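Numbering (mature numbering (1 follows the signal peptide of the UniProt record, and there is no 0)) for the sequence shown: -25 to -1, 1 to 911.
Honestly, the hints are just simulated from the structure, not real lab data.
Among the hints, erroneous ones may be present.
What the hints assert, rightly or not - Derived BS3-like pairs (lysine-lysine); straight-line CA-CA distance at most 27 Å: (1) Lys639 <-> Lys560; (2) Lys5 <-> Lys276; (3) Lys274 <-> Lys247; (4) Lys127 <-> Lys189; (5) Lys130 <-> Lys180; (6) Lys565 <-> Lys475; (7) Lys523 <-> Lys488; (8) Lys47 <-> Lys135; (9) Lys191 <-> Lys220; (10) Lys194 <-> Lys135; (11) Lys194 <-> Lys232; (12) Lys560 <-> Lys696; (13) Lys220 <-> Lys274; (14) Lys247 <-> Lys551; (15) Lys412 <-> Lys396; (16) Lys523 <-> Lys497; (17) Lys47 <-> Lys130; (18) Lys232 <-> Lys191; (19) Lys127 <-> Lys191; (20) Lys523 <-> Lys560; (21) Lys565 <-> Lys523; (22) Lys560 <-> Lys520; (23) Lys276 <-> Lys180; (24) Lys176 <-> Lys232; (25) Lys177 <-> Lys220; (26) Lys423 <-> Lys488; (27) Lys194 <-> Lys180; (28) Lys412 <-> Lys423; (29) Lys180 <-> Lys232; (30) Lys220 <-> Lys250; (31) Lys412 <-> Lys387; (32) Lys5 <-> Lys49; (33) Lys475 <-> Lys497; (34) Lys475 <-> Lys639; (35) Lys250 <-> Lys47; (36) Lys475 <-> Lys643.
Said to hold, decoys possible - Label pairs and their calculated CB-CB ranges: (37) Glu222 <-> Gly695: 45 to 53 Å; (38) Lys488 <-> Thr604: 21 to 29 Å; (39) Gly165 <-> Leu602: 39 to 47 Å; (40) Lys488 <-> Asn236: 42 to 50 Å.
All of these numbers come straight from a predicted model, not from anything done at the bench.
Positions of the beta carbon are idealized from the N, C-alpha and C atoms, including for glycine.
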Amino acid sequence: MHDMSAAAVLVLLLAAAALAASASSYELTKNGTIITYDRRSLIIDGRRELFFSGSIHYPRSPPDTWHDLINKAKEGGLNVIETYVFWNGHEPEKGVVSSELFTITSSTFSLAHSIDPYIYMIELLALFDRSIDRSTVCVFQYNFEGRYDLVKFVKLIQEKEMYAVIRIGPFVQAEWNHGGLPYWLREVPGIIFRTNNEPFKKHMKEFVTLIVNKLKDAKLFASQGGPIILSQIENEYQHLEVAFKEEGTKYINWAAKMAINTGTGVPWIMCKQTKAPGEVIPTCNGRNCGDTWPGPASKNKPLLWTENWTAQYRVFGDPPSQRSAEDIAFAVARFFSVGGTMVNYYMYHGGTNFGRTGAAFVMPRYYDEAPLDEFGLLKEPKWGHLRDLHHALRLCKKALLWGTPSVQPLGKLYEARVFEKADQNVCVAFLSNHNTKEDGTVTFRGNKYFVARRSVSILADCNTVVFSTQHVNSQHNQRTFHFADQTVHNNVWEMFPEEKVPRYSQATLRTQKPLELYNLTKDNTDYVWYTTSFRLEADDLPFRKDIKPVLEVGSHGHASVAFVNDVFVGCGHGTKMNKAYTLEKAMELKVGVNHISILSSTLGMMDSGAYLEHRQAGVHTVTIQGLNTGTLDLTSNGWGHLVGLEGERRQLHTEKGMGGVEWKPAQKDPRPLTWYRRHFDEPSGDDPVVVDLSPMGKGFFYVNGECLGRYWVSYHHALGKPSQYLYHCAPVVAEADGERADAVRRGGRQAGRHHDPHREARQHLHLHLREEPGPRPVVGAQGQPAEGGRRRPQAAGRAVMPAQEDDPAGRLRQLRQPARHLRQLHHRQLPRAAHQGGGREDLRRQEELRAPHLARVLRRRRQLPRHHGHARRAGQVLQEASYRRRRAISHHCMHPSSYPFHFCYLLSPSSSSSHQIVLSSSCCCCCTLIDLILMG
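Put together the whole structure using the sequences plus the hints.
Spelled out as structure tokens, the structure:
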């Protein structure tokens, strides 16, 4: 026994030594590093530094992309990566007490942390209180696997010799479901979120301690030689503090003290908390912190900017929006000119809200206009322009960190901000023009300088302009998506119709009034059926045939579809700003018993605001207007509830679930809920893969049993187009690893359990939609316009290469370095005429006029085969179209009988030599859809 103990100690010592060696191999920090600060900057072991940080959230990107994302961030001039920590991803369920599997002993407790890094066995004081049953142990399940492997993510940052900022929260907002708080917190007796409430503080402290200890165990804090230089507690609390008054102030003081007592050895920050308690540093969030934020109330704390929004997150129903590279650069230059020394771009890479992780109405595509887009591709000119800004500011590092600041007016709306250390001949000047309409010329120290409208010019030596925020040298680019109309294995769509619309007699849960939706679903599904029945006499119905009663459904949100006597009568939905709504639809009623069935759904949980634990969703009132006998109130009529869809209960998104039902060839089916599936070929290469859902309605999208996000392409914004119709599916398709894959489409896997998919012999792509009854234009197959005004070819089996997104402003700008075109071909956009039946010669002439350096290669692109049905033929022609800096891709697309469905492959740049573009013929995948009533 003693020998075993000695061996265990030896192993632990060796592991600790390995960790120490790993940490010491990087020179940014060392064991015992001290991080302090003053008004000017953070100070690491006595060294001042400028910090350029970017937000990359580990759960929003597949782990195999983290390395590339961090690399590109560093190449973009960043030296810090920032991320939130997502409580509901790491602890989706609270632990349970068990007395059967474990017996607490000192050895059990000591081994609990090393047996499995993802399962912690926490004793209930049994080791210290003999009155407690020593056979009782509390087992908590924590998820630190796959996309939630926080330690792996931070270690990758360390390997790239970059710093890290960890924003623990644990409330994070972040447009994340429930603001990152797990659902089970709502069911804790007496809890009130984010105030001086003992139940909330207890659970918050447990999670913060868990995360800190996990990072400490991996020696990832700078004080241990790791990359983490700052940690954040709470998040944007200042506006909430007003709602809770004195209790809010007590809570924020407690949170600061609790965080500091964890002993991380690095400073703690609070964003949007001007009067942060004690040693905690307040930071700014916003678009223009250099002009709108006076800085911390305490004059010995530095100016740090934790969220410089590079774009705007979008919700369903939002039109396209963008923040220009020039505007971001102007804001950053202004911030450093007033004494700021750290900026964080939120987001530097937004990624994807996979599964049900997005907050209410938030789209899966997150901050796609960031310097690295949803797929990790460079978004130019934003990425390059900010890189040039970082290089310019680093030229001024000594002056910014040690120089004496001064301000010199240069005229109306013009000024010079100077940092100078005269005894060392160190100087930097920021010449600012705040006029948004006119350029100007200013005189500074005897020299004249042109300063463009709303811009900052940086003079690294107070003489030479090294950067202007309005002068962009980086090339504009645009993503290109390549489609194919057939797969090598030309599989057909299959369908499985669900049963009829459920009625009250089928409900398992019955109450007098409709129940609140979140309490029913426990955030495991978006769907609840509300059902009731009622009797009418002949005298109740209108005498005139042209007058119909009206069903009026009051809902807290977010969307619903109504059926009366199994007949669809209409649908309704709220918005991000106004989630509650009233559905009013005329209907046919009959003498005798009538049945009302309402399918209510949510689009995520709220992510911000006071009293988050009391937010509601679902049906709350139902009345019938227009009867001869007056309004009929059915709110207290007696209601039945069915949680989730039948296909969800059967798990039709999984291989096992699909095998348990009988599938038949797809065809039009009058039933409201129908599941579709189909195989598709696994793509070769490692380029991003997306799915075009433009002909679909509203629902979920699954691949290999993994939910990849909500979609709602039938809901159009003010410009008449869906907010998002291309969905990222590469993370799960990649899991096939050369094996046969399936694509499935379904309505919801158990949300709250956000695990990465397991490797399977087959892949499933699962989608879950709604379609309006009656014919609907088939976008794509029939050449109807889709996003960006493009049209797809009408002939089946024809290969096309449409550009998928509206071109940003400045798309045709003449660039100063045209040779870079060859490195950015994967982003160029083809003219719309190419998708409207225009001739090839017309297309060629138009493109040569717009971008002559692209014309030759685009002509090669137009040599792509019209048919992908013959792999050998396609491979030969595609080989001719290969060129430098393009990765191998394969083209596949599938069309169910009436639901055209495209798989698209993004072209991404590569530093390797030329590759051939080939079609995969060795593996196959399956795609499954569920068809619901469309809401638009």
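Hint-by-hint comparison with the structure:
1. Lys639 <-> Lys560: violated (34 Å)
2. Lys5 <-> Lys276: With Cα atoms ~24 Å apart, Lys5 and Lys276 stay inside 27 Å; holds.
3. Lys274 <-> Lys247: OK: Lys274 and Lys247 at ~17 Å, within 27 Å.
4. Lys127 <-> Lys189: holds (11 Å)
5. Lys130 <-> Lys180: Since the Cα atoms of Lys130 and Lys180 sit roughly 25 Å apart, the hinted pair holds (cutoff 27 Å).
6. Lys565 <-> Lys475: holds (19 Å)
7. Lys523 <-> Lys488: Holds - the C-alpha atoms of Lys488 and Lys523 are around 25 Å apart, at most 27 Å.
8. Lys47 <-> Lys135: Distance of about 11 Å is within 27 Å: holds.
9. Lys191 <-> Lys220: Not satisfied, since the Cα-Cα distance of roughly 35 Å exceeds 27 Å.
10. Lys194 <-> Lys135: holds (16 Å)
11. Lys194 <-> Lys232: holds (22 Å)
12. Lys560 <-> Lys696: Holds, at about 25 Å.
13. Lys220 <-> Lys274: Measuring from Cα to Cα gives roughly 26 Å; hence the hint holds.
14. Lys247 <-> Lys551: holds (23 Å)
15. Lys412 <-> Lys396: violated (35 Å)
16. Lys523 <-> Lys497: Given pair Lys523, Lys497 is violated - Cα atoms ~38 Å apart, limit 27 Å.
17. Lys47 <-> Lys130: holds (16 Å)
18. Lys232 <-> Lys191: holds (19 Å)
19. Lys127 <-> Lys191: Holds, because 13 Å separates the two Cα atoms, which is no more than 27 Å.
20. Lys523 <-> Lys560: holds (10 Å)
21. Lys565 <-> Lys523: Roughly 11 Å between the alpha carbons, so the hint for Lys565 and Lys523 holds.
22. Lys560 <-> Lys520: holds (16 Å)
23. Lys276 <-> Lys180: Cα-Cα ~26 Å, so holds.
24. Lys176 <-> Lys232: holds (12 Å)
25. Lys177 <-> Lys220: Measuring from Cα to Cα gives roughly 21 Å; hence the hint holds.
26. Lys423 <-> Lys488: It is violated: about 76 Å lies between the C-alpha atoms, which goes past 27 Å.
27. Lys194 <-> Lys180: holds (21 Å)
28. Lys412 <-> Lys423: Holds, because 20 Å separates the two Cα atoms, which is no more than 27 Å.
29. Lys180 <-> Lys232: holds (11 Å)
30. Lys220 <-> Lys250: The given pair, whose Cα atoms are some 15 Å apart, holds under the 27 Å limit.
31. Lys412 <-> Lys387: holds (13 Å)
32. Lys5 <-> Lys49: With a Cα-Cα distance of about 21 Å, the restraint between Lys5 and Lys49 holds, given a limit of 27 Å.
33. Lys475 <-> Lys497: Measuring from Cα to Cα gives roughly 25 Å; hence the hint holds.
34. Lys475 <-> Lys639: Roughly 18 Å separates the two Cα atoms, so the pair holds.
35. Lys250 <-> Lys47: violated (36 Å)
36. Lys475 <-> Lys643: holds (16 Å)
37. Glu222 <-> Gly695: 45 to 53 Å: Roughly 48 Å apart at Cβ, these two residues keep to the hinted range, so it holds.
38. Lys488 <-> Thr604: 21 to 29 Å: Given a distance of about 22 Å, which is inside 21 to 29 Å, the answer is holds.
39. Gly165 <-> Leu602: 39 to 47 Å: holds (45 Å)
40. Lys488 <-> Asn236: 42 to 50 Å: Cβ of Lys488 to Cβ of Asn236: about 47 Å, so the range 42 to 50 Å holds.
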